[in-house]
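There are 2 protein chains.
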Amino acid sequence: MKSTEAGEQKLNKKKALAILSSDALSSVAYGPEQILIVLMTVGMAAFWYSLPIAIGVLVLLTALILSYRQIIFAYPHGGGAYVVSKENLGMLPGLIAGGSLLVDYILTVAVSVSAGTDAITSAFPSLHEHNVIIAIVFVLLLTTLNLRGVTESASVLAYPVYLFVLALLVLIGVGLYKVATGQVDPDLHASFGAPVAGISLFLLLKAFASGSSALTGVEAISNAIPNFQSPAPNNAAKTLAAMGILLALLLSGIVLLAYFFGAVPRDEVTVVSQIAEEVFGRHAMYYFIQGTTALILILAANTGFSAFPLLAVNLAKDKFIPRMFTVRGDRLGYSNGIIILGLLSIVLIIAFEGMTEHLIPLYAVGVFIPFTLSQSGMMVKWLRDKPQGWVTKFIINTTGALISFIVTMMFFITKFPQVWSVLIFLPIILFVFYRIRSHYEAVADQLRISTCEEAVPVEGNVIIVPVAGITHVVENSLNYAKSLHAHQVIAVHVPFEREDEAIFEEKWRKWQPDVRLVTLHSPYRSLLAPLIKFIDTVERKAGESNYRVTVIIPQFIPKKGWHNILHNQSSLLLRAHLLYRRDVIVATVPYHLKK
Amino acid sequence: MKSTEAGEQKLNKKKALAILSSDALSSVAYGPEQILIVLMTVGMAAFWYSLPIAIGVLVLLTALILSYRQIIFAYPHGGGAYVVSKENLGMLPGLIAGGSLLVDYILTVAVSVSAGTDAITSAFPSLHEHNVIIAIVFVLLLTTLNLRGVTESASVLAYPVYLFVLALLVLIGVGLYKVATGQVDPDLHASFGAPVAGISLFLLLKAFASGSSALTGVEAISNAIPNFQSPAPNNAAKTLAAMGILLALLLSGIVLLAYFFGAVPRDEVTVVSQIAEEVFGRHAMYYFIQGTTALILILAANTGFSAFPLLAVNLAKDKFIPRMFTVRGDRLGYSNGIIILGLLSIVLIIAFEGMTEHLIPLYAVGVFIPFTLSQSGMMVKWLRDKPQGWVTKFIINTTGALISFIVTMMFFITKFPQVWSVLIFLPIILFVFYRIRSHYEAVADQLRISTCEEAVPVEGNVIIVPVAGITHVVENSLNYAKSLHAHQVIAVHVPFEREDEAIFEEKWRKWQPDVRLVTLHSPYRSLLAPLIKFIDTVERKAGESNYRVTVIIPQFIPKKGWHNILHNQSSLLLRAHLLYRRDVIVATVPYHLKK
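If you read the sequences in order, they're chains E and Y.
Under our numbering, the final residue of the first sequence carries the number 595; numbering is consecutive throughout.
Under our numbering, the final residue of the second sequence carries the number 595; numbering is consecutive throughout.
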């Protein structure tokens, strides 16, 4: 960790709140709507149930905020669900949490971008039929930006979040004022408390589970404590509290307005858009609200991209995913991760046809499984360490774990048709994790000096130089080959036509009389097949006297990078083939062109 | 050419007809419909004009068949439009023909697959909304098959063509019998010769141009003469004649039936499907017709894939496209070409939303431009060579050239909104062709021994071995390095943590006391940056005394290929960077794992 910190600027509370809560706060753009979608199945008269359900969600929010506050102080170096679960519950629960999160980052991108697109197409209905394309363009944009290295800490990213909060607070304020002053037709909303035919506990639980999708993202702050100014844990805890209050305000405001204005979930227009239109009409303020909503949702998608490498380093250190993810400075793993993330979220968007409400159950399950595991991990930690006042702490995390567990179960029970795939993907991911680890361990075993036999010393070298013509590139490579004091240097040429063969041999004798030339006629226009066959023969003979074979590939390097697609394709193939299939050393001698 | 022939089996006439005419014969599945689509704009009363227009198309067909018959005898080694135009008209016309054809292979795939999908969704209307997805799946399938090396000469590919011809002949026979015996309501068809309001010469020309899209693909046989059994030109000419007769039969049959049964072009059901349903009802024979139609169209798409490498070899020999396309035996260029072809045709299918009639004008223009150029080339050839009986030959090709030119112009005049993009893409392609050629020439200039200064001999070598740990891989590489008698061997280690540094140095001193070790602490977890900086320093010093620097990369090769994604990522990056950016030799020493 130490080595990465140095490169980043520390966050103050105001900036941290903006940057780390875009995921959580943006959830209010789709969370309340999910409650109504479930209630609508028994009729609009049931909409008044959204109010008690919202209160339930707020209780859940309070429990989660208090639980995460404790994680912040217990894991000041960053308490991701993977680390907390692994340290306290063991490897398997840790991996379940880690695996869920990996999948969840893909869903964060897919859900947030889809919801952001909904906000835009609600404002411009003619774009509605192009939803999927617009969402894909946004993902491609985010992928490109992240590949080029936009970091979460860029200051510009803070404005949209505050603008979004401001826009929604104005909407809620003006909206509630209109309701209070009787400017809203009371017939619009279902009467509170009226009995509704067909309502059931199952349905209410389903609506509650759907509504809790508004809480996705609250874990972000506890993962990023090392990025805070010191005292980091205190500042992080205060930021978490502020985020909790904002989220509670926005959530209850939107639910109340949706109820009073009688918003009905529709495919083409989001609930927030309906409310904004009712309150302000389709004027500047409406477009401002839709714009900031879209913007914060795109930012929330971005958190998927930036959270991935943090988790990946931890998984790679434990050898469950490829080692390249540990070398953060060279951005190789990082780039691969970003591309995979972008591609898979595009696949999800296409598969679900960009319909946010179908993606959300999967997303929420992927969030609440690690929630449950990390809270349970904290329970175990308190029981084991028993610090001062551990009973209160234990009770808080137990409450958090229990509620998270109940919500997870509710998703599996009430929305099984939408979330069953988690039960298939998660075991597959765990299997892959374990396979990768056991492969790394097998390799380490074979490479360890103590356990294997002594390496045989090299007695001498035979050098093969494939030559395409009589050029400066070849001359350069031959000069290098001669300087290595090898036992033998052989030049090899592969002509496609018999006539070319004799001409070339003649020219060669005049140019390099002291280097032996072998020509291999290739009637089927293959360069590699005869070359490899020849190298095999030489290698077999050299191996008998413990000589090593080195193939020197002459290669000219054009001035501009893209020119490479016009050259060197065959040497690329040859190098790859020799390296992976044969036991010869491959050396490339570059000749840099000047223009 | 000689070298490729040997690997392929020669085609007899029956097989050649099947394999080489799928593109042309399949055109009758969409050609007649295109005429009706244009006539429909003034009303169904105008449908009787489809009969005289079809006669015009048949005249055009006759002219083209006669013209291509002459090309067959004049260019017995294969007279692609590129070769014929280049040799007789000059480089620029040749490249225009070649460029048009390159684009056209993409369109062959897109049009044929879209039309094949139409045949399927006509039979199963519930699939209609998934047209684009189905078409994409077919393209992916063809791409995969071609990458795996399905050749045009596979015998199975012959059956669908004969089945299709059989199916359509039965359809035409039974259909015309029903018409003749008065089983078809005479009110169904517009009365022949009746005046139609709104008809214009412009519209008729447009309908004629559209109908001539049924002739795409007639050039295939003249490109493939070397594949015929000897006497190749005679056999090819006979096959061409047979194809012309079949095409004429099917085309006139379908146009007649469409007229008598009063088929009206519709988005969801093709004209052939409508006729088949009228004649047989939705029974076995109907599904047989739709099935063979879909199959032959997919086969026609396949000709795009197999024609591409033939053209590519010719363009690559002249250095207008990357050289890799000349090395046919190693299939590198071939594979790249297939992937690019597949991807671009998918892009076209998505962009045109799988609507065949919107793709066809572009496709037809791309076909008739090379038609015109190769016929004009033949005119020039006869004028220049003046062989026996050249006047007749000249007249035939002049007729062919004129009609092709007129059809091309008709497309530009009557369908400009759909074909203007050709005028943009073609110049861009020509520009790229010339840029690639001038780049190759510049490179050849620099590499030619005679024109440049003498290479400086190498005085000695410095070898750098980056080491990740004390393992057998490193031991193996160090043994090799020592065997090269270099001036100096330096091992370099990059630890991320200060503590690791001292421990490693201590271990090294005990293990390899005679090899100098340099450690480069990297606080930002980058492996490459410090390594490259060090190599740069060594290279600068070595360059002063004309020593060359060799970086030896120890690399273990896992047993299974896919394991590589778990390893060696950093060495891949290092190798690429050193090779393309620095003037050092990069040698990779493989250490093959046994399990």
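Just so you know, the hints here were simulated from the structure itself, not pulled from any lab data.
Among the hints, erroneous ones may be present.
[Stated by the list, open to error] Residues from chain Y that face chain E, not an exhaustive set, calculated with beta carbons under 8 Å:
#1 172
#2 484
#3 487
#4 527
[To be verified] Dumping the calculated DSBU-like pairs for lysine-lysine here, alpha-carbon to alpha-carbon at most 30 Å:
#5 Y/317 x Y/10
#6 Y/533 x Y/560
#7 E/533 x Y/510
#8 E/533 x Y/541
#9 E/482 x E/386
#10 Y/507 x E/560
#11 E/507 x E/533
#12 Y/319 x E/317
#13 E/510 x E/386
#14 Y/541 x E/541
#15 E/541 x Y/507
#16 E/507 x E/594
#17 Y/560 x Y/510
#18 E/317 x E/10
#19 Y/482 x E/560
#20 E/319 x Y/482
#21 Y/541 x E/317
#22 Y/317 x E/317
C-beta: ideal position from N, C-alpha, C; glycine also.
Hints that the structure is at odds with (numbers, increasing) = Hints 1, 3, 6, 7, 8, 9, 10, 12, 13, 14, 15, 17, 19, 20, 21, 22 are the ones this structure does not satisfy, whereas the remaining hints hold.
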